[in-house]
Amino acid sequence: MRIGTSSFNDSQLNAMARLCGQIAAGQGAISTGKSRVSASDDPAAAARSADLARTQANNTRYASGLDLAEQRLGIADKSLEGMTNQLIRLKELALQSSSETASPADHHIFLTEALQIQKVMVSLGNAQDAGGAYLFAGARSAAPAFAQDATTGAVTYQGLGEGVPVAVGASASIRTTDSAPALFGNVAGAGGRSVFAVVQDFITALQAPEPAPGDTAAIAARRTAFSTAVDGVGAATDRIAAGRADIGARLNRVDSERSRLTAEGEGLTQARSTLDDADYAATIISLQRASTILQATQRSFSQLSSLSLFNEIHG
Amino acid sequence: MSDLIGIAASGVRGYRAALDAVGENVANASTTGYARRTVALVGVDPGNGGPFARPGVTGLGVDVAGLKRAHDGFLAADARGAQADNARLSAQTTWLGQIETTLAAGGQDIGAGLSAFYNAAKGLAAEPGSAVARGQFLSAADSVASRFRAAGASLVRTAAAITKEVATGVGTVNGLTTQIATLNAHLRRTQPDSASSASLADERDRVLDELARSVAIDVSEGDRGVVTVRLGDRFGATLVDGGGAAQLSASGDSVLVGRARADVSAQIGGGTLGGALAGARRLTTTEAALDGIANDFATTINAAHATGVDLAGAPGGALFATQTAIIAASPANIGAATVTASVADGGTLAPGGYALRYDGASAAWTLAHADGSNPVSGTGTLTLDGLTVGLAGAPADADNFTLSPAAGAAGLSIRITDPNKVAAADPWIAGPGLANAGTGTIAVTTDSSATGLPPGTAFRVHMIDVANFEVLDPASGSTLAAAQPYTAGASIVGAGFRFTLGGAPAAGDTFDISVSAGAGGDSGAVDRLIATRGAPVGTATLEDRWAATTNAVSTALSDVRSAANAATNALDTANAARDGVTGVSLDTEATDLVRFQQAYQASAKVIQTARDVFNQLLQIGG
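Chains as they are written, first to last, in the working numbering: chain A, 9 to 323; chain B, 10 to 631.
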């Protein structure tokens, strides 16, 4: 076949332009570290990568959820630990109160301390997370869970309902708050009364006027009240211990969910890197090959184009 | 002997012409559209058998039969077809690339925005009372709305650019077909096989090639090289025939032909014009998909949001506005007025848009439809068709603005800006009292039609005994509903709500029901909003529909790019095949040059020999 001079030049030019394009693409991949400039360079990989990116974004959200859960459960646990310590002291006071050797003056001292313990219990019951939400107030987390009347000292629960669970996976969530009824209510061994009612009962017993010496009925009633308080405070301690065990189990779950997220995150990062990142070895080799071919094409073109029969025709 | 001189002279003339042709070929070796020319030399018939036949005598030399253009109609058509394919695919690559870039938005795409929005909603669900979580939720909502708007506006700009390209392409085609019609007319008047006919044919082929870059054509050549050009294939609309050129016109993204303005868009399959039309089709599909996602997103989110109440207990309403009026200030404005616009839910805006003008004499603004109808005048705030325009600053006389309605992706905007107004909570919350000794539970659901109890904001269910309960007012203790038997799981009608009791409540246990206003810890509405993420809207979830939309564009672009690579190769091959026939090879010309030069010299030598022979004869006579 006869090759026109002009079309020979054109086809050589096109071939060199194509090689330059390949080299530019390879250079782009190396300098950006990305295997694709746009999704259309590999639509299937881009779609999978976008899918993985969505999962990664979700996991970032779940990781913050786990942080929040850990923070809330940790604060609740500390708060319950504080309550346990207060109740242990209160039980000692109840035991000492019920002792026959306890004098009215002792009872007065015990009352002062018991009132102090009640205040501490209320303040522990009004624990807040870092965002200011009251942990034991259920859905009414904007206001303190407990209020104490300044004059009577009566403690009332102001919360309502249950708090919201925190999503930590596509279909997994962790309950991060417990309402006061769920945590402090219905103490088994204290007639279904709440922890705060048990404390109040002991205080009421201490506040009762000292029975006159020899009023055996009143003395017996008082002793019964103190021994009920000893049992009640013990049962309340158990109730809170049960709550702490439940919170501890959820903290463990936070840890295991976090390990799962971390492992999954590594897998996702790896998978995205495989999809998105330039394969340096392969890119450099293909770049090398393209530039070698380009050089060869340029040399051979300059030699071939200088070949013309006209050069050989001499006068 | 004079015959010999005549024969040799004809040789000199013939080879002179052949050498001229070689010179012409060499000179035009790089001229676009130039077809190699050769001189056809034929031996002159001595007239054997005729009245002047002189048997036994050889011919009368050589004659120049004409100038032949090296041309192969089939290969030329092939090359034009490849040209049209290549130009179409290259144009399509450009347009699809623009659409893809718009959708990718440098990684800030709508898909990532949607995921971020749903994840911010999850953050809000975890901390419904937190000002930070509410702020983040609104910021994510604003971000996804602005991404929709940006993509929508960008697609509208690309659509405008394509429409412009179609108009330009039609203009180019008209210019070229007019040239071809003129060349047809010249060719009809020109002597065939002459240098001027070859030049005209070269020019005609060059223009046809150029036309093929704009649109795929079918060319049939008639007498004297007059061509008939049709759109697409031999059944297509006629663009050029012996009678002249038919003018194309553009109407939006449609191409019409002739005075009858018949729509021939479907026949335009190749060239930059075909590429632009293919780009326009893809753009229309993408815009429709994007608008569909934007509308469905706004509808589902607004529906979920409307079921909730904000921090103060007010009903949620719409989170997103689905219509926007885009404000454009006239460049001639000299005042410092600022204009804001908002569109009420369900407002029907005039498709033509609105004009807003300030009149200095009456010191009032006038808002009207673009055609001047339905005017309303005043200051501060003007309302027309549900469009509310806020006016501030110091306007100057005759300052004016235009407001164009935008819906779909381009019209999506956030309606709520105060984080406290985000309706995350259910209207009602309920729970057991702290002093409850039983295991009873309560669940409350919103039912705006429920009127079983007198209206109120707080109710207390009190267990008279394990089998009966009453409803009290928690503040006063007065009875709101008399004793009724307890049935676990029965739905009981309240006031704006229904509630269900369950478990084993003890006598004296209480359950409180209250409006959620101020509670800050309920996420009922935002939970429903999050649930819409996994529920298909139409064919798939919104995020998946977005992924499918972008993937469709990327896949189409990738396919077009591969096809474009193949088309470039096909074009190279077709061009090489055509140039093998029509192109000038300098080596061939050099060979011809030597050959014709030798023949020319030989013919000259023959003349000299004839003269010598004649002289010899004269000497014999003398």
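No lab work stands behind these hints, which were simulated from the structure alone. Glycine is no exception: its CB is placed at the ideal position from the N, C-alpha and C atoms. Be aware that a few hints might be false.
As the list claims (entries may be wrong) - Selected chain A positions facing chain B (Cβ under 7 Å, derived; list incomplete): (1) A65; (2) G139; (3) Y165; (4) A175.
Taking the closest Cβ pair, is A65 (chain A) under 7 Å from chain B?
Holds, about 5 Å.
Residue hint A175 (chain A), partner chain B, criterion CB-CB below 7 Å
5 Å, holds
Given a cut of 7 Å on the nearest C-beta pair, is the interface hint for Y165 (chain A) held or broken against chain B?
4 Å, holds
A closest beta-carbon separation below 7 Å is what the hint needs, so does G139 (chain A) meet it against chain B?
4 Å, holds
Of the hints listed earlier, there is not a single one the structure fails to meet.
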